[in-house]
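Trainee: What follows is the residue order along each chain.
4 protein chains.
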Amino acid sequence: MAGNKYEEIAAAAIQLFEQKGYHATSVQDIADAVGLQKGSLYHYIASKEELLLKITHQAISGFVRRLEEIIDTDLPVEERFRQGIRTHMQYITQYLSMSTVLLREAFSLGEPHNEVIRDLTDRYLNLWTQIIDEGVAAGVFYVKDSRIAALTILGSCNWVYRWFKEEGKYTAEEIADQMADLFLNGLKKGRT
Amino acid sequence: MAGNKYEEIAAAAIQLFEQKGYHATSVQDIADAVGLQKGSLYHYIASKEELLLKITHQAISGFVRRLEEIIDTDLPVEERFRQGIRTHMQYITQYLSMSTVLLREAFSLGEPHNEVIRDLTDRYLNLWTQIIDEGVAAGVFYVKDSRIAALTILGSCNWVYRWFKEEGKYTAEEIADQMADLFLNGLKKGRT
Amino acid sequence: MAGNKYEEIAAAAIQLFEQKGYHATSVQDIADAVGLQKGSLYHYIASKEELLLKITHQAISGFVRRLEEIIDTDLPVEERFRQGIRTHMQYITQYLSMSTVLLREAFSLGEPHNEVIRDLTDRYLNLWTQIIDEGVAAGVFYVKDSRIAALTILGSCNWVYRWFKEEGKYTAEEIADQMADLFLNGLKKGRT
Amino acid sequence: MAGNKYEEIAAAAIQLFEQKGYHATSVQDIADAVGLQKGSLYHYIASKEELLLKITHQAISGFVRRLEEIIDTDLPVEERFRQGIRTHMQYITQYLSMSTVLLREAFSLGEPHNEVIRDLTDRYLNLWTQIIDEGVAAGVFYVKDSRIAALTILGSCNWVYRWFKEEGKYTAEEIADQMADLFLNGLKKGRT
DNA sequence: CATGAATGAGTGTTCATTCAT
DNA sequence: AATGAATGAACACTCATTCAT
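Sequences listed follow chains A, B, C and D, in order.
Letter by letter, the first sequence follows residues 1 to 192 of UniProt numbering.
Letter by letter, the second sequence follows residues 1 to 192 of UniProt numbering.
Letter by letter, the third sequence follows residues 1 to 192 of UniProt numbering.
Letter by letter, the fourth sequence follows residues 1 to 192 of UniProt numbering.
Since the hints were derived computationally from the structure, they do not count as laboratory data.
Treat the hints with caution; some may be incorrect.
When chains are identical, the list treats them as one kind, so a pair holds in a single copy or across two.
[Said to hold, decoys possible] Below, in silico cross-link-like pairs of lysine-lysine (DSS-like), each with a Cα-Cα straight-line distance of 25 Å or less: (1) LYS188 with LYS169; (2) LYS38 with LYS48; (3) LYS144 with LYS165; (4) LYS144 with LYS169; (5) LYS54 with LYS20.
Model the full structure from these sequences, guided by the hints.
Mentor: In structure tokens:
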């Protein structure tokens, strides 16, 4: 029951942070959105920043958890790579507001709040690097530096929050497949 | 020269916006950085937001202009593509602070300031789409949707502002080449 | 026993008021200290201020009662004076936290709460004035104005809350004797 | 000119802190008293607490400076003692509001602001201890512990802020003399 | 050109108190 | 008796902007 109200607050904050940005959203805005007095919010949150932390933490955790599950699979690397992209796309588009808050507003987290997010973000990058490394070890991927490759791929996959529209031409899956095709093809041995 | 002082202010603002973020930077901070009183700043800028607009406008214009020059070249598509990536990387890393402000803080621009930036950003995307389309027309690129491909590539290239370090393992050129290799290889006909 | 819980609350409040001050102590702090919810406190106290009133009332009453007992004694004035100082010192040091709250925080009591304390404080001053007057009448004390003398002595005796340390060089009794010596000597006829 | 406005603010704050107490006085109250907007106050003060610090610092400095001047005199100890009390009384009564703020509200200073005040307060006590020590060395005072004696005397002299009334029966000088008589008499060798 | 005093709306946060359960 | 959600007013403080000098 108590958690319920917090969820409501977090949901409202996600919407507001996404639409107006973290700084442009006042605690008053959030309170209005959930029909509470400004002061009453503080029964559920410690501070505005801690609320942002919890939201971004939930978001990045979702990415990490899903990718870890895929990695633990015994699918061939290539397939794990494609699944990773698909899942990333599904998640980022399904929770587009939350992901936007993560990718755009986490920067506003000050010390020491930002650490947790930075660590999990690093972890996510490392998971991708690991997949690429495995592909290289298996002789199916050819890259100069797997970390650069991972950053390149992650950039594409994250940037999505900036342009994806629910009502757009393609579904998340279709986009994921186009991306995966592009990257898988690119990762395999070039003909030159 | 009057412009001189404005440049100083803009330079200071770029540094501050990059380090602390637009919202966390006060007009006082900027004034301090250039050794002026807060009030005196307003002889050079109309408002804090207009300052941000000018900075981001300069940044995105730089990207656009450079890519247009490359496109006007009569190099083969493949080469223009590679040059586009290289130039993007050179520019984004050479003007890393300014690019960061563009890519991270332009969102804080309200109506109607944001329009100019949005338009130029769209234009930059269209230029990339155009290159890919030419590649497809020339039979050297194979993509399902050139706009999606352009967004994918742009995501990678822009994301760079988040992780590039001057003192890192690779130079901007080396990273650009790794990216170009990956994308060029990916854009060409897959063997599957 | 209901009173039991109130005593617990008062004891906690005394500690907190002494350490942090009345204003800097929140009702939450007190609730935490006694392991109750903030709201539950209000079964035992009417308000934070009323709690302060009760504490200070208890404190000043203790001073008054003890001095009245000494006055009712048939000891010689000089001895009653010395006993008064000793008892004041014993009481103030034994209940140092409570005395501190009385002497430092009673000022925060608003109308009409402050009246009771003011009245009892006046009464305590009057008791001291009375002792001195008796000494003068008995020809053993020589003072220009007994009220000023009483205020002077009380100032010394109360100030103790600001510097007395349990683990200090002297016991409360030793300090009391030094003070009593100084004052008794001073109150007797000067040689000039 | 600038200092002028600050003086105005400090004067208003002293009055308000004395009448209502530091905590019960809002920044708004002070702003109202000087006819400024709340925010405008912050051109002159860094914070409410820093304002309190400055006030209390000025107050305690006044006490210290005056006593140091007396000590540097070549008057006989007894006379310096009497002058010290007189000056303390003159100062505390002339600047009664400010002294009240010092003696009653300095406690509200948190770390690290309180240190300065604590140090100066200690210094003032040491000056008094020094005078008594000199008296003892000169053979005119007889005390067991000069620090206890100093604390006793200071208690009386400071307590004055609690009861002195401008329109009272005695002037500051008369009270000072009564106190000085009592203490000087008490400090000299008792007949017992 | 530069100042710096002044504004006034706005910020996140605290807190004593109430009350339905 | 105890909870804990909710209040609502108050709080110290910030800030972009203006403007008379």
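Trainee: Of all the hints given earlier, name the ones this structure violates by number, lowest first.
Mentor: No numbers; nothing is violated.
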